[in-house]
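Chemist: Add chain W to chain P, keeping to what the hints say.
Residue numbers (this note's numbering), protein chains in the order written: chain P, 948 to 1192; chain W, 102 to 349.
Hints listed in this document are in silico derivations from the structure and should not be mistaken for laboratory results.
Model, not experiment: these values are computed from the prediction.
All C-beta atoms in this analysis are idealised placements derived from N, C-alpha and C, irrespective of residue type, glycine included.
There may be inaccurate statements among the hints.
What the hints assert, rightly or not - Below, a sample of chain P positions facing chain W; criterion: calculated Cβ distance under 7 angstroms:
no., residue
1, Val1057
2, Gln1060
3, Asp1062
4, Thr1066
5, Asn1068
What the hints assert, rightly or not - What follows is a set of in silico ranges between Cβ atoms, one per label pair, in the way DEER data are often shown:
no., chain 1, residue 1, chain 2, residue 2, range
6, P, Gly1111, W, Asp192, 52 to 60 angstroms
7, W, Glu170, P, Met1124, 34 to 42 angstroms
8, P, Gln1005, W, Gln115, 55 to 63 angstroms
9, W, Gly208, P, Val963, 16 to 24 angstroms
10, P, Lys972, W, Arg179, 14 to 22 angstroms
11, W, Arg179, P, Val963, 23 to 31 angstroms
12, P, Arg986, W, Tyr318, 52 to 60 angstroms
13, W, Lys234, P, Phe1008, 57 to 65 angstroms
14, W, Arg283, P, Val963, 30 to 38 angstroms
15, P, Gly1109, W, His233, 31 to 39 angstroms
16, P, Lys1190, W, Glu171, 38 to 46 angstroms
Said to hold, decoys possible - List of simulated lysine to aspartate or glutamate pairs, DMTMM-like, C-alpha gap at most 25 angstroms:
no., chain 1, residue 1, chain 2, residue 2
17, W, Lys234, W, Glu207
18, W, Lys218, P, Asp1062
19, W, Lys176, P, Glu961
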Amino acid sequence: MLLGLKQVWGLLLEVVYAVLHGSWKVSDIVAQIYQIGVRSQSVVMVTGAFTGLVLTAQTYFQFHKFGMDTLTLAVNSVAMCSELGPVLAALMVAGRVGAAMAAELGTMRVSEQIDALRTLNTHPVDYLVLPRVAATTIAMPVLVCEAVAVGIFGGYTLGVYGLGIDPIYSWANMVNMTHVKDLMTGIIKGFFFGGLISFTGCYKGLFCKNGAQGVGEATTDTVVISSIGILMLNFCLTLILSKIL
Amino acid sequence: MIKVSGLHKSFGTQHVLQGVDMEIQTGEAAIIVGRSGGGKSVLLKHITGLIQPDQGQVFINGVDISHLEERELLKIRRDMAVMFQGAALFDSMSVGENVGFYLQREGKMTTGEIEKKVAETLELVDLNGMQHKWPSDLSGGMKKRVGLARAIIHNPSIVFYDEPTAGLDPVVSDSIDHLIRRICDIRQVTTVVITHDMRTVRTVGEKVYMLVNGKIYLTATPDELFASQDPVVYKFVNGISDSEDVLS
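Pulled out of the complex, with its shape left as it was, chain P reads as follows (with noise of 0.2 angstroms):
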């Protein structure tokens, strides 16, 4: 346990090393933004749209027993920016991006590929870590602004065509309700969570042992560590969040 505490807290001093004085390369997270935030998008649209839609559905069904329907997409709307958006885009990059950074960087170590790196005058953090962080913490919120604004869409899509809610009166509650802090919080915990995620990974498959089976827990590791820190960081930023903005 103390042992992990001191590498994590290594690994995250070297880090901040790395971004002021290390020998890291812009292309390198241009090509990391590219395999991390691009590659995910059409998981994380997809995710988006469906939760916006089940989300419209169900706010629907409950607030048609009060007649209150053209309220359905602000609860949408609201739900989508400040909370479901961040963090089930987070969750599907943390299976998605987080497992295979685990994956790759445990199976360079394994194989010695991280030691070869280390003597051709290559720092592992400047070279795997340090990329993958910034591209994950770059991309991050812009993928939660794709799920927020895909659920939104579906959901109205879903409200108007299918449910019959009134667009006009649906659209003014949506716009009044929502606010700049609602997406400036998804935004945010987008931002925090790509740097959960990627940290995670990374730090699992470089300190990976035992060979296939060690590469298989730092993946499975990385999954579980990285979901209940999204639930648990959303909940605290949550917190915060709302007294700042």
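Modeler: The following block gives chain W in isolation, referenced to the frame of chain P:
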């Protein structure tokens, strides 16, 4: 010059290195032999600064590297190269990208210059025109050659080889041995080979260090090693097992 002094290393209850002392002179072709699991690779990782000792020192050209930080070690390692036992090629890169990796990261050469240098180095290891192949397309011997080309492309003055012929057939092993000897002669580099292959000792070695029970048991020339009547050395050189070994 490489100097190892009183090196100790344990993993849990296993005391792998128990006070290793040795000196390898500049330009020397040194072979470190010993039984499998005897700590040869652990010793090599200490000399290259990949792991830190529990006790003792490692000096590379007079600098004690045993407790240096990783970023300080990177500067020392600019003058070193390691060919790993499994080649440790980056499997997400082509052969050319693997070989040119050091120069590409260094950023001092243009792409064209790097490509030219890669082609020259691949020619040196008899792999002309293999730049566009992938590591997964290569045989074990070819992977080791690519690993060697990647290691020596920046003209290091010390080259380490970890079991260069392990898992290869006798013919390919012989070609790798001759390649190591050729690079040693052409580039005038200090060469350190970890092996238990006696043919490598004959072909490459100028001085042999035998590691037994975590210590250097013998320092000799290859001829002295092969002529030794010491029971431990004799059994190792001739591949004779004890009854305990058979039972274990």
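Chemist: Against each hint, give a clear statement of whether it holds in the structure.
Modeler: Right, here's what the structure says about each hint:
With a cut of 7 angstroms, the hint placing Val1057(P) at the interface with chain W is violated, because the nearest CB-to-CB distance is about 10 angstroms. Contact between Gln1060(P) and chain W, as hinted, is supported at the beta carbon level, the nearest pair being about 5 angstroms apart and thus within 7 angstroms. At a threshold of 7 angstroms, the smallest CB-CB gap from Asp1062(P) to chain W is about 5 angstroms, leaving the interface hint in force. Below 7 angstroms, beta-carbon pairs count as interface contacts, and Thr1066(P) has one with chain W at about 4 angstroms; its hint therefore holds.
Checking Asn1068(P) against chain W: minimum C-beta separation of about 5 angstroms stays under 7 angstroms; hint holds. Checking the proposed 52 to 60 angstroms range against Gly1111(P) and Asp192(W) shows it holds: the Cβ atoms sit about 56 angstroms from each other. A hinted range of 34 to 42 angstroms is violated for the C-beta pair Glu170(W) and Met1124(P), which are about 54 angstroms apart. The beta-carbon spacing between Gln1005(P) and Gln115(W), approximately 59 angstroms, falls within the hinted interval of 55 to 63 angstroms.
In this structure the hint that Gly208(W) and Val963(P) lie 16 to 24 angstroms apart at CB holds, the actual value being about 23 angstroms. Checked against the hint of 14 to 22 angstroms, the pair Lys972(P) and Arg179(W) passes, with Cβ atoms roughly 18 angstroms apart. For the pair Arg179(W) and Val963(P), the supplied restraint of 23 to 31 angstroms holds, since their beta-carbon distance comes to about 25 angstroms. The given range of 52 to 60 angstroms is respected by Arg986(P) and Tyr318(W), whose C-beta atoms sit roughly 55 angstroms from each other.
The hint said 57 to 65 angstroms for the Cβ distance between Lys234(W) and Phe1008(P), and at roughly 60 angstroms that hint holds. Evaluation of the 30 to 38 angstroms hint for Arg283(W) and Val963(P) yields a failure: the beta carbon distance comes to about 45 angstroms. Between Gly1109(P) and His233(W) the C-beta distance comes to about 53 angstroms, which lies outside the given range of 31 to 39 angstroms. Against the hinted window of 38 to 46 angstroms, the Cβ-Cβ separation of Lys1190(P) and Glu171(W) comes to about 40 angstroms, which satisfies the hint.
Distance hint between Lys234(W) and Glu207(W) is fulfilled; the C-alpha atoms sit about 23 angstroms from each other, no more than 25 angstroms. Proposed proximity of Lys218(W) and Asp1062(P) is supported: the alpha carbons are some 23 angstroms apart, at most 25 angstroms. A hinted pair counts as satisfied when its Cα atoms are at most 25 angstroms apart, and Lys176(W) with Glu961(P) qualifies at roughly 17 angstroms.
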